[in-house]
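Chains as they are written, first to last, in our numbering: chain A, 33 to 510; chain B, 180 to 422.
Take these hints with a grain of salt, some might be off.
[Said to hold, decoys possible] Pairs of lysine-lysine, DSSO-like flavour, derived with a Cα cap of 27 Å:
#1 Lys422(A) with Lys299(B)
#2 Lys63(A) with Lys342(B)
#3 Lys275(A) with Lys146(A)
#4 Lys326(B) with Lys71(A)
#5 Lys342(B) with Lys74(A)
#6 Lys37(A) with Lys166(A)
#7 Lys74(A) with Lys326(B)
[Stated by the list, open to error] Which chain B residues stay away from chain A? Per the calculated CB distances, all over 10 Å, these:
#8 Met180
#9 Val190
#10 Gly247
[To be verified] Okay, the calculated beta carbon distance ranges per label pair:
#11 Asp404(B) with Pro55(A): 17 to 23 Å
#12 Val215(A) with Asp404(B): 36 to 42 Å
#13 Glu50(A) with Glu343(B): 31 to 37 Å
#14 Leu84(A) with Asp273(B): 41 to 47 Å
#15 Glu285(B) with Val56(A): 50 to 56 Å
#16 Asp273(B) with Tyr468(A): 34 to 40 Å
#17 Pro337(B) with Pro66(A): 46 to 52 Å
#18 Pro486(A) with Glu348(B): 29 to 35 Å
#19 Leu239(A) with Asp404(B): 31 to 37 Å
#20 Ser301(B) with Thr308(A): 30 to 36 Å
#21 Pro337(B) with His43(A): 50 to 56 Å
#22 Asp404(B) with Tyr468(A): 25 to 31 Å
Since the hints were derived computationally from the structure, they do not count as laboratory data.
Glycine included, C-beta positions come from ideal geometry on N, C-alpha and C.
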Amino acid sequence: MSAAKHSQAMHFHARAGENVRNPVLQRALQKAKPLFVGKRAKGIAALADDGLEFEMLRTACEGIRNRTLADLDVWLDIFEERAITSGAEVLWARDGEEVGRLVVDIARRYGVTKATKSKSMLSEEAHLNEVLAKAGVRPVETDLGEYIVQLAGETPSHIIAPAVHKTIEEIEALFAKEHGRPVETRTSADIPDMTREAREVLRQHFLSAEMGISGANFLIAETGTAALVTNEGNGRMVTTLPKVHVVVTGIEKIVPTLEDFATLMRLLPRSATGQTISNYVSLLTGTKQPGDQDGPEKTVFILVDNGRANLLGSPYQDMLRCIRCGACMNHCPVYFSLGGHAYGWVYPGPMGSVLTPLYTGIENALDLPHASTGCNQCGSVCPVRIPLPKLMHQLREEQVERHLRPWSERLALKAWAWVAGQPVLYRWLTRRAVRYLNWLADDAGRIRIFGLAPGWTAGRDLPVASGRTFHELYKARK
Amino acid sequence: MRVALYVTCLVDLMRPSVGFASLRLLEAAGCEVIVPEAQTCCGQPAWSAGDRDLASDLARKAIAELEGYDYVVIPSGSCTDQICNVYPQLLSGDSLWGGRAQRLAERTYELTTFLADVLKVSTVPSEFDGSVTYHDSCKGLRTLGIKQQPRELLLRTPGAAIKEMADCEECCGFGGAFSVNFSEVSTRIVDRKCDSIAEAAADAVVGGDLGCLLNIEGRLRRRGDETTRVLHIAEVLAGGEES
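Generate the whole structure from the sequences, applying the supplied hints.
Next up, the structure:
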């Protein structure tokens, strides 16, 4: 798989540790989590004001996504036909590399030297910025978070808040350096100021770019439309000012009708940022027509597979329902302990722990399906009811079936399970084990360093009991 | 009413007092309690590791030794989830065991659910005196819907005052093998839980799953908190201390 070579997911364990020990990162994450969780909770609670109910809407959204996936090829055909009718070109890309080739071709055809970009995680799958730069096209990220991340030479650490791993002090230092001015002391009160500063830089790019590249939150089959859900207005600049607009998005983003889109919009912004609706919702269809005030002369849809079609009909098909709201990571205790970069590929958090192994190879992301406490906070907030813990569990089973787990783990598990299947032997061994634990413990009944499970006592004591098992004591009592 | 008490492997090894407290609670409520002798572990560690075969072997073993009773009661949400939700799914393709798994699941209850919803107890034998803050363990809360039951029972405990902590539904970071394999991440998560516990300033933090409690107690003590007691809900409700 071509995506595998860019994945750093095999280093999850080491990077997770580094990130847990990084105080600046921890400060940024600590600040963000309650905001995400609190805003979503308010947004969901406010559904009642519109006479709506979360579980009913979830069922509706889940149903729309399932129906679409059941006939994905049909909806894609309809989309292609309607998009072409409205004047757009539709291209298909098997993987990220093909996306790069197609976009570079279009850029060459139209003499593009600069491309403005609205947020697109799929362009991260394709490493599009790198590919464009190599081909002599300057990519400029215009979503504020993406802009920050691009200036810093990093990748997004969150699918809707790309720079959530950065503190305001870090961003101020970065802006001062990149915008060529002295560093000032900034607080959150200065965010509008900093935004204005970025805007001034971006405005020049909006006006001079020959190509705009965006993703799409949804593709609407009945009208051949790309729907864009944004908050900063940059999406409109990117998709209407340049003469060429390229939409790069995954084949699973399709929904049959505008009505379906409207239903999904009840939950997407609320799940993501808690908003009833985002500041901008754009429905982009075809090219600029006579009499239109703005719009691109050329619109190209690049519809990308990159592993998605393989999930159809597989035990992982539920994952294709994902509408990229980010609620799963926003409620994930693991994500908020280490940030998104540790996950090593494009998508972090619970959805990333499922998608990364599926899109880059199960053998290339062995830790991710295990990087979960199984708490199911993700599954319980997902607006399209993706059973994320269940999918992670399926990946664990597949690792075992494909002999991808370490032999030491397999051996220990088999030995333990065998003993647990022999009650007499089990009683005898556990009686000895608790005596050993008791012998290791200090006067307060705690083990401070435990050689058999050093991971436990690295950050915790192990409280132990009296040196007798329950069954031993119970038998003696009888 | 013959009730089988499944104490769990963790209680057997790490905190027998939870098993005895559960026994006292059930007996005080008028149950004839049997502790099936051959019980070991429900197999959750094998299942979590992704090993269906080992998990199925241990599931069949547990079903065989637990199916002869009116009810099975377990002082743990995650082991109850294993029997109630995982066993039927694990053995669904097995014509002999699938139905037995389903029937056992229908008769198996987590301790506080059994006391509050099935037996509808109005009094508990406790003598607990002090304030408690309740940690909702994930499996119990999100797959079994245990939320009000332990609180109702605590309200019936004279002398126990509930002081809710912030984010009481937030995971403690235990996660079985996760706590050892990703120990730094796990410690970071339990640190946030410990912060919430410290803020609540209760005499005791109480929960329904020993794994979470060992994790929380271990971290509280390592952080230097020597005073906040960490108790299983059964220990609070049954009162007294016995091992």
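Tell me, which hint numbers fail for this structure? 1, 9, 17, 19 and 20
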